[in-house]
Every structure is written in C-alpha cells, then in structure tokens.
Amino acid sequence: MKLSPGAFQFNHIWNSFIFKFGTLVCFTLVIASCTRHQSKEPPNTLHLVVEAKLKGLDPILAEDRYSGTQSAQAYETLLQFHYLKRPYVVSPLLVEKLPDVSADGKVYTFTLRKGVLFQDDPCFKSTGGKGRELVAEDFVYSWKRLADPKLTSSGWWILDGRVVGLNAWRERAAKNGEKHYSEQVDGLRALDRYTLQVKLTQRSAQFLYLITMPFAAVVPHEAVDFYGKEFLNHAVGTGPFRLAEYHPSSKVVWVKNPTYRKAVYPEEGAPGDREAGLLADAGRAIPFADQVDVQVFVEQQPMWLSFLAGQLDISGIPKDNFSSSIGPGQELAPDLLAQGIRLIKEPVADVTHLSFNLEDPLLGKNKLLRQAMSLAFDQNTFNEIFYNGRAMAAQGPIPPGTDGYDIDFKNPYRQFNINKARELLAKAGYPGGRGLPPLEYATLAGSSGRQQSEFTTKMFAAIGIKLNTNTYSWPQFLETVKNKKAQIWEFAWGGDYPDGENFLQLFYSKNASPGQNDSNYRNPEFDRLYELSLTLPEGKQRTETYQKMVRILVEDCPWIFGSHRLSYILAQKWLKNYKPNDFSHSNYKYYRVDPSLKK
Amino acid sequence: MTTEAVIAPTVQPLPENEKFPPSRSLWGDALLRIKRDRIALICIGILSFYSIIALSCQLGWIATPWDKVVGAAYQPPSLSSIELIFGTDLFGRSVFYKVLHGTRIAMSVGLMSSLLSIPVGVTLGALAGYFGGWVDDLIVWFYTTISSIPNIMLLISVTFVLGKGLSAMYVALGVTAWVGLARVMRGEFIKHKSREYVLAAESLGAGHLSRIFKHILPNISHFIIINLSIQFVSAIKSEVILSFLGLGVQGQPSWGVMIDDAKLELSRGVWWQLAGATLAMFFVVLAFNLLGDSLRDALDPKLKH
Amino acid sequence: MFAYIVRKLLSTIPTLLGVALIVFVLFNLVGGDPTYQMLGRHANAQQIEEVRHEYGFDQSQPVQFLNYLKQIVTFDYGRSYSTRQSISQMIGDGIVPSLSLMIPAFLLTTLLSIAIGLGAAYFRGQAIDRVTVILCIFGMSLPMLGYILFGQYFFAFKLGWFPISGYETAWPDRIQYILMPMAIFVLVSLGYDVRFYRTAILEETSQDYVRTARAKGLSEPVIFFRHVLKNSMVPILTNIVIEIPLLILGAFLLESFFGIPGLGSITIDAVNNSDFPVIKAMTTLVAFLYILGNLATDVLYTLVDPRVRLK
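Chains as they are written, first to last, in this note's numbering: chain A, 1 to 599; chain B, 1 to 305; chain C, 1 to 311.
Since the hints were derived computationally from the structure, they do not count as laboratory data. Do not rely on the hints blindly, as some may be mistaken.
[What the hints assert, rightly or not] Simulated pairs of lysine-lysine, PhoX-like, Cα-Cα distance not exceeding 20 Å:
#1 A:K410 <-> A:K548
#2 A:K367 <-> A:K410
#3 A:K466 <-> B:K35
#4 A:K458 <-> B:K193
#5 A:K367 <-> A:K420
#6 A:K345 <-> A:K365
Since this is a predicted model, take the numbers as computed values, not measurements.
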C-alpha cells in the first residue's frame, strides 16, 4: 500500500477536501445552535405512545394490539365496548341501536346511522375527493375482504365458520380471485342502503363481541382500489381522526377529522367515574384533541424518561422504575404526586402461563409430574420480582371481570408447596428428580425473557428438575411451539373480548396446534362442555358450565397458570378523561388535554 | 461496525523493502523490548490476573456458586462483606461474583474464538498466498464474499443456526473473525515465498508443506500474536452486543448480560451492575489494546519512532 | 480506465453470487418460518397453507434461490413479511434517518481524528503524542452500550440537554435528536481513527524522500506539511472510502437505542422477525456498496499514483 512521493497532482483534491470539510462543519454548528426548537402543534395535542413498531393500518391485518389501536382511530366498527361502563357492555358505534336478533338467535339485523361520511381523500375520484356516505354494502365488502384468502388476514377467525355461506365464498375466491367480490353471500347482505343482515350458522353469544374488534371495521372499496398494495399505509375511514403522518417504526400523527359526524362523550359510566372526574365532559362533542402524536418506543427506558420529562401524556411503569415511583402502600411517590401525575390501576384481562406440551411422550402421560411442577412454582415471588406485585396469581385461565371467573376458587396445584411437590414428583416416578431427563424450555430472546427463565430454572431445580433453556426470536418461538417441538414454554393470552369462552377455547381439542390450543390439550368431557357453552346465552347456566370446565383443566394441569396482571398507568395532570379499556379500541377521541395545566 | 475496517489496516503488510533479521533474533529482540517496556509488563500482569480469575472460577475455587442469594434485591454496594462489594442484582445475587464469572466467560470467548479463527485464517491465507493461481482466486473469492456481508448479520445468523449458548458463540465469533488474518497472511506469503531463504530451502529439497510451515510461518508469526490481541478485544465486545440482542449466553453471568440488565435498572438508580461489568471489561480491553501496541512496536520495529 | 471499471464491475458478480448463496443458506434454509408470526395465535392449518402458497414458501429451495437471484437483478425484493411494506419504500424511508445521523457523525469523526492524528504525528514521541495515544486507547476500551446508557441517563434525562430518544422528520427539529447519538459515535470511533491516521502519517515520515528532503536542508514543518501530509492523504482517503458503505447500515445499536428508524434498526428487526426479503435486500445492498467502495479505492489509487498500473 505504498505510494510514490511524487503524487503532486493530488494537490487540488486535498485543497477542495479541506474546504468542503470546513463548510460542512460550520453548517452543522450553525444548525446545531438553533436546536430545542418547538414545532408548531395545536396546544391540545395528545402525546401518546405505542410500544411496538406498527404493522400497517389495514384493519384486516391489525393482528397486534398496537396496530389495531392505531387503525381504529380512522376505521370504525358497527359496535364498540362502552368506554366507561364496567362490567363491559357492547354499545352502538356506526349503528343507531343494538341489532335486532331473531328468535332462534341466528339472524342479526343492523341499522346503520345515516349521514356518516368517509373522510375526504383523493381516492373518491367521482366526487373530487369528497368522502361519500357510508352504506350497508360497505360492510359486506369489508367482511369479504376479511375472508379473502389472497389477503391472508390474521383476523379471519372472527368470522370463520360463523356466517352462512362465507366459508364457501372463501373457497371459491381461493380459486377465482377478485371477481368473486360480486358474488352474493347468503348470510351477509345489505337489505337496503342502511340495513345489514347477518345470518349465523349457529347461535353465538360471542358474535357481537367479535365484531367490535378492529378486524371487522369498515373500509371503502374506492380506497382499496386506489391505493392497491399501499392501502395499508393510508387510512380512509369514518373515524374521528385523519392520518397526517405515518412512519410505522417511529411515529404516527393523527389530526381531527373535520367531517366527523356529531358524536358525544358518554353520559353514563361505572360507579366512581363521576368522582374521578370522568364524566365532567359528558355530552360534549368528541373528539377533543386537534392532533394526536403517537410515538413508537420499543425500549422502555427512553419511554419512561420521556414521560418524566413531560413529553408523553401517559406511560406504563417499567418494572425497574416501580419502587422509585410507587410507595410501599401502592401509592404514588411524593415527587410524582407533586407534579400532579395520577396513578390509574386497572386489571388486565389476561393470563400468563407455562404451557406443557401434552403430545410430548414424557409430559403428556404424566399428570402427577405436571402437578408437581405446578406446585413447585412460586408465583407470588415471581410476581413480586417481575411485576412488583402488580399481578395476582392465577387459579385458572379466566381473569377477574370475565364471565366464568370464580373469586373463591383456589387451585389445589397452585398453592406453592415444595414438600407436596416433592411428594407428587416421587409418585410420578422421579423421586428427587432422579431419572428425569432435563426438560426443553423455550423462551423469547430479550432481557426479561432471560431473567424470567433464570427464575423458572431455579424454581424447578429446587425439586430436582433440570431445564434446558432455549431462547428464540418470535417467529422461531412460534414455529417451535406450533410444531410441538418444545416441552415447556412461557406464554400469555390477552383476552379478545370479556368472555370466559375466549380463554377456554385455548383448550378445545379442535384448536390444537397450529391453532391456539398450544399445549395440545384433549379431553372429550371438556370438549363436550365447551360445545355446549357456545350455544348458551349469558347467564347462570353458562357461568356454571365455564366453572366446571375450569375444574377439569385444573386437575389435568395442561398449564402452570401464571398471573392476571394489573396495569399501573401514570397520566400527566393535563390529561383528562383517561380510563384504561382493554376492549374498546378507538379511545383517543375521548381524551382531552388541558393546555392551561401545561407549563 | 466501523471497528473492523479501522483495525484491519493497522496490521498492514510490511513494505517490500523491509528486510527482517532471521526469526530467532526477531523474537529475542522483541522479548528484550517488551522487558524494557513498563506498560507492556503491567498489561501482561493485568491479563495474567484476569486469566487466573477466569481459571479459578472455571475450577470452582472462587465465587462459587455465583447464583447464591446473598442479600435483598438491588442492594447497593457496601464494604460489609466481599460478596456485597458491588451490591446485588434483581435476585439478590452478588454482582461481584457475577463480574468474576463474567471474566471467565469473556476470557473463554476470546480464547476459544481465537483458537477457532487463527488456524482457519492462517491456513487459508497461507494456501492462497503460497500457491497463488486458482487456489488464491478461490480463497480470495471466499473471504471477499464473507467480508462483504456485514459482520453483525453474519454473527446473528450463525448464532441462530447453531442455537444459543456459549459454544455457539465461540463458533459464531470464530467463523466470522478469520478474514482479517487470512488477508494479512496471504500478503506476507506472497512476499516471502520468493525470498532467498525460501528459495534456498526449496533447493535443499524442502516440500511445499515444509516451506509453508517450517520456513515461512515462523518468520511472520508475529502477525498472529498481534491478531490475537485484536481478536480478543473484538470477541469481548461482540459478546456484549450479542447479549444485548438476546443472543448471548443463557443461565450464566456474562458482562454483556449484566450490561443488558443495566439498561432497565439504570433509571431506578441501580448503577452497580453496569459499573462492575463496564469496569471489568474496560481494564481487560485496555490491557489488550496497550499490549497489542507494545507487541506491534516490539515486533515491527519500523513503526517505532 | 472505462474498460477497467467495467471489468472490475463484472468481477464483482462471483462475489455477489457468493453473498447470495451464503445469505440464502443462513437465512432461508435455517432462519425461521415467518408464517406463524404473520397469522398470529388464531391460525389454523388451512390458513397456514394459504399463506405458504401466497408467499411461495411451498416452492422448492432451488426455485426459491433462483427467484432470489432474479430479485437481485431486477432490484425488486417485493414486500416485507413483517411490516408488509414494499422494500424499496422501506430502504428509501430508512436511508434518510441513517444518513442524517451518519454523515455528520462520520465527517466530524474524520475531521477531528485527522486533525488530532496530525498533531500527534507532528509531535511524535513527545508528551502530547503519548497522552493522545493513551486517551485514544482509553476511549476504545469502553463498550458502546456503556456510552449509550450513560449518555441517555445523564445528559438527556438528568441534564435535559437532549431528547431521550426519537426522531423528527422536520428539519431543524431533527438535529436535537441526532446530536447525542452523533456525539457517541464520534467518541467511540475517535480512538480507532486517530490511531490509524497517526500511524498512516508516521509511516510516511520513514520514507526515503523525507530523508532526502531533510538532507536537502528543508525545515521540519515544511517537510511535514508540504510533503508528508499530502502523501499520507492517500491511505487516509482509502480508509474513508472503505468505511462509507459500512455507514449505510449505520450504527445499529445507536439507531435502536435512540429510536432512529434507520436502515440499521430495520435490518436488526428483519433478522429478529425472520423477515427474509428485507434481509436479502439489505445484505445485497451493503455487499454491493462495499464492492463499489473497493473499486473506488482502486480507481483513486490510479488517479493519484501513475505508477499503479491497471491490469
């Protein structure tokens, strides 16, 4: 790499090089000196957060909660869960009233609100960009999209097998493609401009819950045709906010939709809502915010620091910041309290668990071994370490606040008891763990996955059971689990709707892997009760059936039931009307920022 | 990562006109220089100390068991006992013990990945430089291809393929690290193969293998030593990055895992895991860097000014 | 010269093929199946089959490899599995943040390190040189994650000098988000670069022509600034050119920690999500730029030094 000393033609390159460098540095310094410049945004802008990168705004692809929530700001569904009322109740959104249901419970008739407009968008070519009125035919189209096999929606399950003729349409569409959209589906028809009729294959108590999910939102065919494959980066719905900026990995900006119909803040709520100031805006027109800035934070640390710096309106509390923000009596730390920050606690309808693979020859046949492991896992200590006590040990799959939950029930195999665990392990044929090969444990790569697996390993080591931990990326993890390649793994299920059925279907034999019954549990008696429960209306009989199913599960021990988590959310003093809601998705319209409380 | 690109040229092939004295006096001379270099001696001392700690942990002489609960969660450092000198972690385990065991992981990662990458790099570089022709073309093609793929992606994908864990990490770091050495070796072999001493050996009937390994290699072996110090440093640093990405060791305390934990702990004021791991890492990397410089100066006198 | 460049470009084809083969084997054959992730936990067997068919996972491996080669030639990698964005769009979106961080960071590093390297080389052997070298080694010996965690906690949070994380597309605003990652990049790379440039310059001072110049009685500053410096610009520029393609991937750690949606964080996400189309596109892009960088270096040499003949 030696060069000659005589390279003098190099002179001019050298000089211009120095010059350019100099200019650039001056430029950088000048710009740098005018930092901390505030962009012009309306004073009542909401600053919110999503904790994962977004996967597009097309409602039928809104598989994860984060994308679903964003999509729901622009796209609306027929019904929604009431924002304030608890227990959760379904209330009208795009319909005038709750649907009429036939006597056999199979035919639903929805009457759409009149005068609901799609947002103005260039895709409406015939009107020069003015959004047209929503009609019942739009729902027929949108739900066919959900069924279209070419679009590979992850939300197809909400309609799969439920609507008369839709599965047959899907099969024909797989062969013939696009033109099948014009083909009638018997169970899904627009009777007139504003009337939608849905015929179900069988009575389903869950149907109305299912169609509140963002998957079932209405999209105009003009936008789908106009944007083609880029449709997922646009949002042309009937919703309260219009998309202003969309950067799926960093930021989304919503602005108030000027053509939004007249809608008001709820006038009724749950007990205590009035005292909490949640009804102060009752009857006022929504949305309140002129703009919503949603920032993507994948790492918790910067999110937390941004909240403390007042750059975010709400934030969860990372586990390692818990003790500095929440005192021993579960009250807010004085320094945060002094800033006017509020602490809002709300149970999450979820259940964490360790799944056993019941098709594994070792674990599947040895109920006593599973029960012994269940007894050896100290859930309360786990909750203390990883959730700072913001979780309750689960006794079964159904979380509190959900039909089927039994507050008095104590799972005999979930009361931490190491002696009894040892006893059962000996009965299972492995006294002191002797003769038991190390079990293959699958977990997700990442700091918390690693810390939790260290804890789990230690718990089982106490009774002599060894774990081999394998960490995976998310797709690898799913692949391993769905192909039944691991023996034990950790997982969590967040409820899709507040009904025990959503948790019990995780054990129905027909949902076995690659379906959602990932432990491959099979029990004919359980299946019989599950099928029975589907036909039952809400009420005592159904609740009792659910509880009977839970007792069967507990005895068979396909999971080590983990916890139901509690969310602790902090809100800045200028954020009004915030109430956590697991099941309604379009909540930004209710939030209000009081600019006078912001410094 | 820019580091690779920046490190590599510092072990540039020697200029054409440089004449080395025969091998023994090169090493003898180097040894003398090192002995006179106080910094180098201190570095050797530090590295020996780390090695002893690593070995003692490996053999279970000290800091065993590392996962014993010695206090409450996140207890700050205190001088009350040796276990608490760096405080405790989330599970109440001694951070000091974790740092010591992290030393074992770091040293073993550096050592094992070097043991894997050096033979590969030397052999391929030697074959390419010595034989030339299609062998050279093939090997150069191979390492150009490897070095065209960003190092971090190679590392990640190899750990994915091999599964995760310590041995996977050895291999991943080993198979991605030989390129720089192979490149240097090739250049040196091209230069040396037509030198008088090699030609003389040939005329005395030395075969290819003998010429490669008995005659040329000893004359350029100092590049391997210099490469070793670079490899150690980059292995220790890569371990941190892999742990941050969740691909690090499982169920064992490594500095990378500790720093990864620290990203969550820092804002609650728990700084001791970060400090412990960073300091431990700082001194060993510093020692390797300084020693690498001294070695280069000692073995490559041209750069000594 | 033109023929030389063409020939050189053609000679990159085997390398690109090699990259393609390695990437394919590492990621496609063993890198995880994205189907389940696309469909979520409610997937059933029929849907899995449909997705496999729709995305061509059910085709044989050789056919998939040929498709990949076709994509390389046509620069059409399709859409990401995990974000469902078109890949050209993703690269287009990601390159701006990456470059707005890396260009100033890189220029600043290079400028500072050349200046410091010059100083150290000029005062070689003196105290100032020694201190510089030691400081460089100190800087090199701290892990980048340490810098990041400390910087975010102390400068951004405690002192509030910078936002903690994030990115803004509007211009003057963007700078505040870039300043700290940029500073960290400069601090981390400075040690290596200063040492490299110092060595490059010192190597030049041991050349024969320097001795000749001294013998001719030229003063030390004249020799140093007029001759040595000019000639050592060649290895310096080479180093710069070689580093440029690596800048495209950015500093992925910085990007993911500071929430900068650049190519580095796109790539890491893609690997974690088994997002094969993105991985293919990114590796091919970086490999191609790397090869181009090498080519540019060769051409630079021939421009600077007429003795280097083109084969």
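| field | 20 Å Cα cutoff - pair A:K345, A:K365 | value | Distance of about 41 Å is beyond 20 Å: violated.
Original post:
Are A:K367 and A:K420 close enough, with their CA atoms no more than 20 Å apart?
Top reply: Within the cut-off at roughly 15 Å; holds.
Q. Given the proposed pairing of A:K466 with B:K35, does the C-alpha separation stay at or below 20 Å?
A. Status violated; Cα separation ~51 Å.
Item checked: Distance restraint between A:K367 and A:K410, which requires alpha-carbon spacing of 20 Å or less -> 19 Å, holds
task: Sort out whether A:K548 lies within 20 Å of A:K410, counting only the CA atoms.
output: 14 Å, holds
- Query: Are A:K458 and B:K193 close enough, with their CA atoms no more than 20 Å apart?
  - Reply: 59 Å, violated
The structure does not agree with the numbered hints 3, 4, 6 stated previously, though it agrees with the rest.
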